[in-house]
Structure formats: C-alpha cells, structure tokens
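Based on the sequences and whatever the hints tell you, model everything.
Residue numbers (the numbering used here), protein chains in the order written: chain A, 1 to 133; chain B, 1 to 387; chain C, 1 to 349.
Any given hint might turn out to be false.
Said to hold, decoys possible - Only part of the chain B face toward chain A is listed, based on derived beta-carbon distances under 8 Å:
no.	residue
1	138
2	246
3	252
Stated by the list, open to error - Within a straight-line C-alpha distance of at most 27 Å, the following computed BS3-like cross-link-like pairs (lysine-lysine) qualify:
no.	chain 1	residue 1	chain 2	residue 2
4	C	212	C	63
5	A	33	C	71
6	C	324	A	131
7	C	324	C	240
8	C	33	C	340
9	A	131	C	340
10	A	70	C	347
11	A	70	B	193
12	C	23	C	347
13	C	340	A	70
14	B	155	A	131
15	A	55	C	324
16	A	131	C	17
17	A	33	C	63
18	B	193	B	176
19	C	88	A	70
20	C	324	C	63
21	B	176	B	225
22	C	340	C	88
23	A	70	C	17
24	A	70	C	344
25	C	347	C	88
26	B	13	B	176
27	C	225	C	285
28	B	233	B	272
29	B	155	A	55
30	C	63	A	131
31	A	55	A	70
32	C	324	C	285
33	A	55	C	63
34	A	70	A	131
35	C	307	C	221
36	C	23	A	70
None of these hints come from the bench; they were simulated from the model.
Every residue, glycine too, gets a C-beta built ideally from N, C-alpha and C.
These are the residues of each chain, in order.
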Amino acid sequence: MKMFVPRNWREYPSRYRLEASRFTKSGTVYYPKRMVDPETGDTEQETVNLPLSGKVLTYTVIRTSPDQWKDLAPYALAIVELEDGTRMMGQLTDCNVEEVSIGMEVRLEFRRVQTEGHSGVLSYGHKFVPKWY
Amino acid sequence: MRSVCVVGVGMSKWGEVWRMSFRDLHTEAALNAIRDAGVDRLDALYVGCMSGGLFVGQEHLASLLTDYMGMRGIPAMRVESACASGGMAFRAAFIEVASGMSDIVMASGVEKMTDCAPDDATSALASAADQEYEVFHGATFPGLYAMMAHAHMAKYGTTREMLSAVAVKNHQNGAKNPVAQYPFEITREQVEKSVMIADPLRILDCSPITDGAAAVIVTTEEVAKSLGKPYIKVLGSGVGTDTIALAQRQDLTTLRAVTLAAQRALDMAGKKIDEINFAEVHDCFTIAEIMVAEAIGKYEPGKAGQAILAGETGREGAFPINTSGGLKSKGHPVGATGIAQVVEVYKQLTGIAENGRQIPGSPTIGMTQNMGGSGGSSVVHIMEVAS
Amino acid sequence: MAGIVGYGAHLPRHRIKVEEIAKVWGADAPSYKRGLMLREKSVPPPDMDTITLSVEATRNALKRAGSIDPKDIGAIYIGSESHPYAVKPSGTVVAEAIGATPDIHCADFEFACKAGTEAMYVALSHIEAGQMKYALAIAADTSQGAPSDALEFSAAAGAGAFIMGNDNVIAEILYTHSYMTDTPDFWRREHQFYPQHGSRFTGEEAYFAHTKGASRAILEKSGMKPSDFAYAVFHQPNGKFHQRVALELGFTQEQIDPGWLAPVLGNTYSGASPIGLTAILDIAKPGDLVFMCSYGSGSGSDAFIWKVTDRIDEVRDAAVRTSKLLEENLIYVDYGTYAKFRHKIRKND
Chain A
1 MKMFVPRNWR
11 EYPSRYRLEA
21 SRFTKSGTVY
31 YPKRMVDPET
41 GDTEQETVNL
51 PLSGKVLTYT
61 VIRTSPDQWK
71 DLAPYALAIV
81 ELEDGTRMMG
91 QLTDCNVEEV
101 SIGMEVRLEF
111 RRVQTEGHSG
121 VLSYGHKFVP
131 KWY
Chain B
1 MRSVCVVGVG
11 MSKWGEVWRM
21 SFRDLHTEAA
31 LNAIRDAGVD
41 RLDALYVGCM
51 SGGLFVGQEH
61 LASLLTDYMG
71 MRGIPAMRVE
81 SACASGGMAF
91 RAAFIEVASG
101 MSDIVMASGV
111 EKMTDCAPDD
121 ATSALASAAD
131 QEYEVFHGAT
141 FPGLYAMMAH
151 AHMAKYGTTR
161 EMLSAVAVKN
171 HQNGAKNPVA
181 QYPFEITREQ
191 VEKSVMIADP
201 LRILDCSPIT
211 DGAAAVIVTT
221 EEVAKSLGKP
231 YIKVLGSGVG
241 TDTIALAQRQ
251 DLTTLRAVTL
261 AAQRALDMAG
271 KKIDEINFAE
281 VHDCFTIAEI
291 MVAEAIGKYE
301 PGKAGQAILA
311 GETGREGAFP
321 INTSGGLKSK
331 GHPVGATGIA
341 QVVEVYKQLT
351 GIAENGRQIP
361 GSPTIGMTQN
371 MGGSGGSSVV
381 HIMEVAS
Chain C
1 MAGIVGYGAH
11 LPRHRIKVEE
21 IAKVWGADAP
31 SYKRGLMLRE
41 KSVPPPDMDT
51 ITLSVEATRN
61 ALKRAGSIDP
71 KDIGAIYIGS
81 ESHPYAVKPS
91 GTVVAEAIGA
101 TPDIHCADFE
111 FACKAGTEAM
121 YVALSHIEAG
131 QMKYALAIAA
141 DTSQGAPSDA
151 LEFSAAAGAG
161 AFIMGNDNVI
171 AEILYTHSYM
181 TDTPDFWRRE
191 HQFYPQHGSR
201 FTGEEAYFAH
211 TKGASRAILE
221 KSGMKPSDFA
231 YAVFHQPNGK
241 FHQRVALELG
251 FTQEQIDPGW
261 LAPVLGNTYS
271 GASPIGLTAI
281 LDIAKPGDLV
291 FMCSYGSGSG
301 SDAFIWKVTD
311 RIDEVRDAAV
321 RTSKLLEENL
331 IYVDYGTYAK
341 FRHKIRKND
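Right, dumping it as structure tokens:
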C-alpha cells in the first residue's frame, strides 16, 4: 500500500524517537501512544522514550515477502520485549536468520523501513539488530 | 428474543474460479440457498466481505449483490470484521430475526481473491493487521501466526508433528467435500517438505487464496417449520475482540477474543463446552486450529496439539473438528468462510454431509468459530438440530 | 575553547572482499589489493543509508557528550555525496530523531568527499562566534562505484558525527585551513547513478596537490611540524594514497596507523578522515595533538589540528569504539547480494 506522506509524517514521534504513553494511574507504558489506558480508562499521561534494547519474545522468518521487502528477504520479524517491559514488533536485521531465537538480546537501530519505488518517499523507523557488545 | 433457525444453505464453486466474477459467485451461492430453503422472499441481506475494495475494487457491494440475486430493493448491509466477516454477518442476521424485526434474512459471505496479483492479495489480507505498527514493519499474515506458533512451541512444547497432523486431518476431511478447493489427502511428509513461508509455517500449514461464496437462510422457527425442510436452531451467539496488534497482547499463546466469544455463545446457549459434539473452527494456519481448540475451552492450554495428534478431532474422534476440510482444504475466501462453517454444521446436524463425510452417531450440537485477523476478533455460534 | 564535545561513528556490518568483486569482472585481485592497498570494503544493506548512519553516529556522539539537551544543538549539517533525496534535506530526519527540532539551523552539505569536514568547520565556526551552545556536524556516505570501475573496489559506507561546543571539550580545535581550486577530477552529473572520474588525473593534480597544499599551509600557520603530532589522518580514497601523502609530508607509519581504515573499510567518502578521527580519539591520550586533512574532488582539502583534553578518558567508552565496529561481528556478502543491496539489479517496478 502506498505510504502517503502525512500518514508517515504524523508517526515520527513514535517511529523516530520511540515516544510512548505512560499513564498516571497505572504507570503502564503503551507503544504506540494512545489516548486512553485500555486497562484503567485513565487519560492522564506523560510521554516517555523507550529504551533501545530488549530481548526476542517470538519471531518468524518471512521467506515469501511483500514486494516492499524483496531486497531483504528472507528477513526475520520479531516481537521484542524492551528493557522497560514494553513490547514492539519490528524486523530483526543484520543477522543470520537461521540463528534467530527466542530470548536473543537485541538492540534497536534507526533504519529505513520502507522505500516507495524509485521516486516516492522514504520511511524511517527502528529495527532490531543482534546485540553484540 | 425469538428462537432463530437456519433452514437452507448454498455454496458457489470454490477455488480459483477464473470464469466467475465477484457478483457471479455471490449470486450462485444465494440462489442455491434460496432454492434449498424454498423461500419466496427475503426481508433483508447481511453479506460478509472482508475487502471487496482491495480485492476487486468494489465497495457498496450489498446493494449490488442484492440486485444481481433478484432481490432489488430489500434492506441490505455489508458486514466486515476481516476474516470473521462471514460469521459476523450471520450474527447480524441472527439478531435481526431474534429481535422480531425481520422473519426471513439471508446471511452470506463472498470474496473474490484471484482478480488481483498475489502480492496485492497478500497486502489486502495484511490490512487486517495493524497497518502502522505491524504491516509497516513487514508483517504478513503467515508471519503473524508463525510468531504465535513459535511462542506456543516454546511455551508448551507444541511440535512440528502436531502442526502437520492438523493439515493431514483437514485434507482427509476435505477430500470428501465436493466444494473443497483442494479435495485430496496429503501426508505428514508432504507437509514437512513443503516450502517454508514464514518459519515455522510451511505452505501446507497455510489456507489457500480462494474465490467463493456461501449463503444461508436465517428465519424464525415458525417459518422454518412451515417450509417442511430439516432445520437447525441457533442456540448461542458470541463475539469477542482483542488488540489487533500482536505485540500488545498480554499472552502470545492464547486467543482471548476466541475465549470471550466462545464463553458468551456457550452462556447464551446454556451449554458447557463438553456438550458440544463437533466444531468448525478457523484453521487459517495449522497453529490456529490448535490455539482455537484451546481457546474455546475444549482443551487445556498446550494440550490440543497432542489431542489432535492422537486423532481425537478426526471425523470419528471424540470431538471432530473441521469435517468440511476446514479453511485448509476447503479453501478460504475470507468473507465467505464464516458462512461456509454454518453450512457444514447444518449439513452435519441434518445428516446430509456428502461422500461419507457424515460424523457417526448423529451429532446434535455443533459450534462454528470464525476469526478475524490474527485473533483481533472472533465470533462463535452454537447450533442444535431441531428435534 | 571550541572543540568536539562528543563524537561517534557508525558502520555497516556487511563487507565484500576485493577478490569477490574481482572474480565477477575478471580483474586480477592480488594486483588490485596491492595497487589500492585495500582488502575489503563496507556494504550498506538496503535498510541503511546516509540518514540512518547519521542518526546512529549521532546517538553515539550524544552518549559521549554526556547529558546535553538535544534542544541546545543550534545547527545540524550533514556532509555527504549520497543524500538519499536529491531534494529534501537529510539533516531534518536526524534532527527529529534526536529531538533537536524545531529551533535549529539545518542544511545538507555537498563537496564530494570533503562535505563532512566542511560541515565540521562551519559547526566549529558557530561555536567560536558564540552563536549557539552546540552545533552538530556529520560526515556520512553510502557511495557507489560503477560496476567494474576501479572505484567499485573501494566505494564504501560509514558515518562520523561530531558535536561541537565550548564546554567539556574532548578535543580542542587549534587551527584550521582550507585549500581549494577548481580541479574536476571526479564528478557525477544530475540524474546519473554512478560518478565518473579523471582516472590517473585524480592523483597528482587533485588529491596530492590539495592534501599537501592544505597540510603545508596549516603546518606553517601553526608553526608545527609532523613530529609534534601523536596521530595524523588524511582522506583515504584507497589504502595507498593516505599512506603516501602522510609519508611524503613527513609523518610516520605509527602516526597514521590508527586512523588508516581504508584497507579494511574502503573509502567512506565524506566519512573517511572523520571516521579515522573517531578511531584516533578512541585511543588518544590527554594532550595529544591530532592532525587531520580531508580531500574532496572538485577539489579541496580541509585541515584541522586538534588537541585532546583530559575529558577523553571519561567519555571514550561511553559509546562503542570505532575499532569494534570495524573488526567485529562482520557479515561477508557475495557479489550477488552486494548487487541486490546496492540496487544494481534491474527489476520490474
């Protein structure tokens, strides 16, 4: 699907800076940001930036990929629990896909996530890479 | 609330149906259901369709389909909840009849998936996932279920063999279903040597891309009786929802929406899960059948794989699952799937399942479980044969 | 005193060996390796570009800068010849990613391989002029060499980022000098995918004339001589030029070794001498003098003399060292993967 510019642009705080909502009552952090705490109904919140490392909760290796990612296929996709307990989905890049495993420690890196053809807009965000230092 | 019955069912041809359009498929299924029930009018239509817009560029489709089936002018509405659209349309028809607003309502479902390039079909299906925080990162549908599979395997020791057993069983059943897209048996070896799509899921763990439609006539017990045909009663209807983004689920190994839907349907029916004789469940991927069998409460978490492997869910087992062949063998035209599940339960309860596919021992209560996306929504119905 | 308050580098993990490229084009690998003094080069995967390298290098620079508020950064300049957009700044993305918007100056710099050091000079100038608390200069490239061209063996990717400021300086700037003429030894016309070059003309009249011109001028200006420096780093289009210019100017192999990255990294274009500087700062001692001279085709050189301060010992391990990025956790790719990664394969839209 075409990544229409404003649709990506308005997500910059989440995608570029990993901004998340921490609700006052529960202290729970949600990524991406949301207006209401789904557990308590609380609407009072502060913005926090997520930590840049975590571990793999589950993963897959996408071998038949959408056109957008053919240059990267096969690529690993993972749900990662960050150090603060928040979870997010993303690609696990710069790795041997045969060596990905649950519990693997990863770091978040700023990457180009989508490339709209030869002339369209570039979309950036974060991907996971194996933690090696 | 009035008692609600299903009195006639119809299916179109299922598969890669190159010669039939979106509207042709629906019209064929609708006319089959109308003829089967012997009704001469419809008070309303609820049609389930996941994405007419993305698959064939057609929205505003309830009016179009009503017109082409010869019912121009009746109230008609399209219902969408991703792959659970059909089941939700059935629920809408159920509510309309139960409420007393209408007496004879068609619930149908349709999807024409092969009129777009395979990559576009993949994108259309992925629109059931969180676009900004899953699909943006390259998630595909098999990928999402694959992640659930890895989590389930890690937590419960679910094995490759258990996944294969689901596919083998459903193809055994589908081989006997005249409308099945892939009506042939497969072996465990074939499953395990098939091409990897999204680890650990292989192509034979996945339901196919299918063109097809299905329709049922939902009516009052009074009308059903008057038609003089075998009919079944809808005892319970339940819907559950959950986050559509997998990463935001508390537990990656359970399907909370399914559990909620099943509990609500069972409560409404006044039944316990052990009183249900068989079920048609949403096996879009082999792991889904295992997780659903646990989520509806039939098996403890982590126990369904072993039960399926042991044959408990085979046609002659203690709790047959997907005697139609399931999404796996019968095909998965997403919007039509939930209605086709009702068709199979109707056939099993009224004893007309074809080709020796009939469950032995005259089952009396069946369940349908239809699921949207990676479990963001689910709808469950409980049906009983009319005595 | 103005100088660097935080520095950081980022490199792709992927590498391709000279032999792998030579094999495809029927080139004689041993003579290329000897001639270019180059063994392998970095290869950016499709999800990495000048912008992403810049963000990661900047995050490392911020770690070493300590607890500075990104909002205090008053300018961001990225020098590169491979900005992902022909029209639309790279720096805006980096500024958003580190939370430095909206009260900030930004422009992308372009001057072949010296755009990055020009960005460093301008950032330092802002600080010396007292116009802002911090200024960020980034030198980054994901350069392309035409298939089978000699440049294909060296064109690599990497980034170095430097936060300039007045307080808590790691390396004070003592002198700068820029030396520039119109000497077209290497260029890429608008809408062309690969650059072209003047072959052997890029040597004496271009690279050597300008690096030596800038180096001699800054030495004269400072009254210093090569032996005063602990380290020296020059632009390194290959392994050989760097070594030759250094030795001809009177520097020793020991002085240039730590910043001489081209043999295992390739030519990171705008990033070359700046990334070399990060590798030097990683091991420098307080009081060390560091000589740096870039070169950009077209042509010009920027020379800098840095004096390392006591603070280096506190911050060098606040972020990953460049040598670690250079030597560890590498992924070697074959030519097919490299061609796919670098979009050298024609596909349907």
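Legend entry - Broken hints, by number: Violated hints: 4, 21; rest satisfied.
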